[in-house]
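**Student:** Residue numbers (this note's numbering), protein chains in the order written: chain A, 19 to 489; chain B, 32 to 111; chain C, 2 to 256.
Take these hints with a grain of salt, some might be off.
Straight-line alpha carbon distances no greater than 30 Å define the calculated BS3-like cross-link-like pairs of lysine-lysine that follow [stated by the list, open to error]:
#1 K307(A) <-> K42(C)
#2 K307(A) <-> K17(C)
#3 K307(A) <-> K137(C)
For the record, the hints were derived by calculation from the structure and aren't laboratory data.
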Amino acid sequence: MSTINKHGLLIIREIEPLLPGNVSNIKDRIVSGIYRQAEDISAQAVRTESSYQASLETKLDGILTSRWLGFPIMLFLLTLVLWITITGANYPSQLLASGLFWIEKQLLNLFVTSGAPSWLTGVLILGMYRSLAWVVSVMLPPMAIFFPLFTLLEDLGYLPRVAFNMDNLFRRAGAHGKQCLTMCMGFGCNAAGVTSCRIIDSPRERLIAILTNTFSICNGRFPTLISLATIFMGTLVARAFSSTLATLAVVAIIMMGILTTLLVSYLLSRTLLQGVPSFFVLELPPFRKPQLGQILIRSLLDRTLFVLWRAVVIAAPAGALTWILANSFVADTSIFALIAGWLDPLGQLMGMDGIILIAFLLGLPANEIFLPILIMGYLSAGSMLELDSLNALRTLLLDHGWTWITALCVMLFSLLHFPCGTTLYTIFKETRSARWTIMAALIPLALGILVTLIVNQGARIINCFSAGFSG
Amino acid sequence: MVIPNSLSLIDIPVGDSARVVNILTIGANRRRLLDLGLVPGSRVEVIRRSPAGNPTAYLIKGTLIALRNEDARQILVDTN
Amino acid sequence: MIKTASLPVHGQEATKNFVIALAGNPNVGKSTVFNRLTGLKQHTGNWPGKTVTRAEGTFFHRNRHYTLVDLPGTYSLHASSTDEQVARDFICFARPDLTLVVCDATCLERNLNLVLQILEITDRVVLCVNLMDEAKRKGFRVDIDMLTHKLGIPVVGTAARSGRGLSRLKNVLDDMVAGKIVTTPQQVVYDPELETSINEIAKRLTPYLPDWINSRWAALRLLERDYSVLDHITDNKNKNYSPRILKKEVALCLQ
Numbered sequence: 019m020s021t022i023n024k025h026g027l028l029i030i031r032e033i034e035p036l037l038p039g040n041v042s043n044i045k046d047r048i049v050s051g052i053y054r055q056a057e058d059i060s061a062q063a064v065r066t067e068s069s070y071q072a073s074l075e076t077k078l079d080g081i082l083t084s085r086w087l088g089f090p091i092m093l094f095l096l097t098l099v100l101w102i103t104i105t106g107a108n109y110p111s112q113l114l115a116s117g118l119f120w121i122e123k124q125l126l127n128l129f130v131t132s133g134a135p136s137w138l139t140g141v142l143i144l145g146m147y148r149s150l151a152w153v154v155s156v157m158l159p160p161m162a163i164f165f166p167l168f169t170l171l172e173d174l175g176y177l178p179r180v181a182f183n184m185d186n187l188f189r190r191a192g193a194h195g196k197q198c199l200t201m202c203m204g205f206g207c208n209a210a211g212v213t214s215c216r217i218i219d220s221p222r223e224r225l226i227a228i229l230t231n232t233f234s235i236c237n238g239r240f241p242t243l244i245s246l247a248t249i250f251m252g253t254l255v256a257r258a259f260s261s262t263l264a265t266l267a268v269v270a271i272i273m274m275g276i277l278t279t280l281l282v283s284y285l286l287s288r289t290l291l292q293g294v295p296s297f298f299v300l301e302l303p304p305f306r307k308p309q310l311g312q313i314l315i316r317s318l319l320d321r322t323l324f325v326l327w328r329a330v331v332i333a334a335p336a337g338a339l340t341w342i343l344a345n346s347f348v349a350d351t352s353i354f355a356l357i358a359g360w361l362d363p364l365g366q367l368m369g370m371d372g373i374i375l376i377a378f379l380l381g382l383p384a385n386e387i388f389l390p391i392l393i394m395g396y397l398s399a400g401s402m403l404e405l406d407s408l409n410a411l412r413t414l415l416l417d418h419g420w421t422w423i424t425a426l427c428v429m430l431f432s433l434l435h436f437p438c439g440t441t442l443y444t445i446f447k448e449t450r451s452a453r454w455t456i457m458a459a460l461i462p463l464a465l466g467i468l469v470t471l472i473v474n475q476g477a478r479i480i481n482c483f484s485a486g487f488s489g
Numbered sequence: 032m033v034i035p036n037s038l039s040l041i042d043i044p045v046g047d048s049a050r051v052v053n054i055l056t057i058g059a060n061r062r063r064l065l066d067l068g069l070v071p072g073s074r075v076e077v078i079r080r081s082p083a084g085n086p087t088a089y090l091i092k093g094t095l096i097a098l099r100n101e102d103a104r105q106i107l108v109d110t111n
Numbered sequence: 002m003i004k005t006a007s008l009p010v011h012g013q014e015a016t017k018n019f020v021i022a023l024a025g026n027p028n029v030g031k032s033t034v035f036n037r038l039t040g041l042k043q044h045t046g047n048w049p050g051k052t053v054t055r056a057e058g059t060f061f062h063r064n065r066h067y068t069l070v071d072l073p074g075t076y077s078l079h080a081s082s083t084d085e086q087v088a089r090d091f092i093c094f095a096r097p098d099l100t101l102v103v104c105d106a107t108c109l110e111r112n113l114n115l116v117l118q119i120l121e122i123t124d125r126v127v128l129c130v131n132l133m134d135e136a137k138r139k140g141f142r143v144d145i146d147m148l149t150h151k152l153g154i155p156v157v158g159t160a161a162r163s164g165r166g167l168s169r170l171k172n173v174l175d176d177m178v179a180g181k182i183v184t185t186p187q188q189v190v191y192d193p194e195l196e197t198s199i200n201e202i203a204k205r206l207t208p209y210l211p212d213w214i215n216s217r218w219a220a221l222r223l224l225e226r227d228y229s230v231l232d233h234i235t236d237n238k239n240k241n242y243s244p245r246i247l248k249k250e251v252a253l254c255l256q
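Between the sequences and the hints, there should be enough to build the whole structure, so can you do that?
**Tutor:** Here it is in structure tokens:
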């Protein structure tokens with residue numbers, strides 16, 4: 019109850035004797051009174067000319083939420099959206115990359131001819147500009163495809179059906195039914211997903227939704243997953259199917275993320291955030307013809323450019339920092355290599371190495387710069403390199419001792435590690451609590467270390483066995 | 032309190048409709064249910080259950096609204 | 002051009018910014034109406050102290066400048082959720098020049114629940130019955146004239162997705178702001194026992210309330226034991242609050 023000031027108390031004192039005793043009865047009578055009037059007016063103003071029965075829409079609804087087809091359709095649509103995003107983003111990404119790196123060459127020439135000091139050229143062009151160019155060319159095309167597709171499904175009215183289908187799982191996990199919607203939003207961008215948790219009224223359940231949002235693979239992590247999936251899974255089949263298999267591998271990681279979301283929600287609602295699921299009402303609005311123009315404008319302005327701008331703002335300083343670390347030397351070793359050396363033992367235990375871990379750490383500002391930092395680390399070239407093909411990347415990774423176990427562990431750790439800086443900042447803004455923000459980083463990180471440890475050790479044992487058999 | 036011979040909304044099979052008699056929920060949630068149009072006397076049609084059987088979608092005053100079964104259990108109805 | 006903004010109150014009509022609150026149930030096309038009216042002149046932020054997104058947009062019509070504030074979509078204004086509280090507080094205490102309620106022609110009864118609640122707060126209301134095309138397709142015929150007559154406020158039928166009815170809506174909004182339309186809003190009549198309590202409490206409340214707060218509405222909130230309303234009322238430093246009443250209160254307190 020809010021604190022009532024002096025005037026308010028006085029009024030209450032005067033009014034109190036007039037208030038009848040049974041409050042809940044009065045509330046009922048007030049609502050009933052309003053509805054009676056509403057019914058009365060609408061009865062006079064609305065004429066039903068024909069009964070509206072089992073139309074196409076109702077049949078469609080029946081199929082989308084049916085016992086047997088509900089889940090397969092959801093899985094199919096998810097795969098389809100990702101496949102369109104992955105396939106469609108390929109060419110524009112290359113085009114953007116070549117354009118932006120052509121500009122880089124011109125800028126580099128300009129700096130050299132104008133006699134700028136090499137450290138300045140390094141920080142500005144090889145650090146800042148390169149990471150910006152990478153983020154824009156890698157992020158923009160998939161987002162410009164993914165967000166409109168997502169908004170299209172939203173506009174059609176499909177998302178409430180997804181929530182309707184999946185609610186039972188969330189209910190059992192002690193979470194709010196709408197968490198399904200915030201989870202979907204997280205696939206676009208975790209920061210946007212965290213903000214969307216506002217639709218959940220109960221503070222306990224909103225916190226659960228916020229803390230688990232990072233388990234939705236976001237657009238910043240898709241490129242990493244897609245590249246690694248294509249390199250290590252795609253080569254198993256013919257070239258024509260490689261992007262399909264890569265898509266399926268990414269879908270598998272997404273499904274694992276959803277399972278983790280449910281599991282962590284379950285654990286949280288029985289430990290730190292105990293309580294019963296709060297009352298939940300889900301409106302299933304009629305399907306409506308989407309407004310394509312509005313979808314494009316809204317998703318490009320409100321989502322794509324918004325997310326891209328944030329990434330750009332963060333990637334520029336991160337790029338500069340990376341360049342400085344890689345080009346500052348203590349004795350003969352760069353600081354970058356030094357830190358990588360410290361982290362290496364831990365990385366080896368988790369099926370990875372020191373450079374991979376440092377790439378995850380430096381990727382804190384924005385997940386999309388993970389891969390460029392990794393490449394830079396391996397090449398030790400002191401600046402981010404755009405390899406001209408995935409084949410070159412494959413050779414580079416194999417040269418540094420990567421196996422399918424390494425790729426799997428990196429993909430798992432990409433799913434299960436701390437959220438990006440923007441998301442953490444958003445979590446802090448939404449929860450206004452440093453404690454929960456730290457928890458939001460620690461929970462997935464602890465899980466990630468645990469899972470990669472188990473997978474790595476397990477895979478080694480299996481490898482030993484199979485080696486024993488074949489030997 | 033046990034009310035003899037009382038049906039709740041979850042007892043109504045899909046495709047049938049019933050009239051709201053009373054709501055057992057108390058507090059703010061009672062108000063939310065009332066605000067949705069579940070006032071005594073109003074008609075509710077059971078439209079479909081989700082794949083897992085919970086929640087269930089009801090047609091309430093022209094709008095399709097899903098309620099979890101444990102919440103719907105608190106809504107007493109008769110089939111007249 | 003000569004600036005008129007520095008002129009005293011009477012000259013401000015032309016440069017004044019009119020604030021319109023946009024209310025409605027969820028999924029009635031409220032954001033479509035919002036987008037159609039304001040185009041790209043929008044910006045979003047937060048409601049002060051709340052984690053609820055606040056969208057605002059502006060538009061010009063017949064030489065008047067309007068700010069449209071998109072309230073969260075709610076079924077009711079009983080303040081049982083943050084969304085409802087935000088919507089109610091804005092309509093009641095922020096005193097917008099107008100409240101535009103968007104409702105769904107295919108389920109009018111549910112939507113009228115909200116409309117009637119808003120009419121208890123303010124009489125400066127325009128009703129936009131949206132999705133008229135969908136209603137027609139589903140076999141409903143909504144009698145706009147009958148609604149206007151029954152509710153005592155201007156009612157405009159629209160199909161916002163195709164833009165139909167929106168220019169008429171803008172004209173009606175403008176006529177309301179210009180004072181060309183006088184509303185006689187329909188009040189909900191409760192059961193006789195409740196009516197007696199409402200009237201008695203409203204009578205006692207009136208001297209404490211600024212004249213822009215409907216005492217009948219305030220009485221209803223007190224009947225529900227919703228005291229947060231009082232807090233708002235007394236927090237408002239209104240000029241109508243005479244020292245004489247204050248003295249009387251202090252005297253009451255000392256008794």
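**Student:** Next step is simple, just say for each hint if it's right about the structure.
**Tutor:** Evaluated hints:
| no. | hint | in the structure |
| --- | --- | --- |
| 1 | K307(A) <-> K42(C) | 25 Å, holds |
| 2 | K307(A) <-> K17(C) | 38 Å, violated |
| 3 | K307(A) <-> K137(C) | 15 Å, holds |
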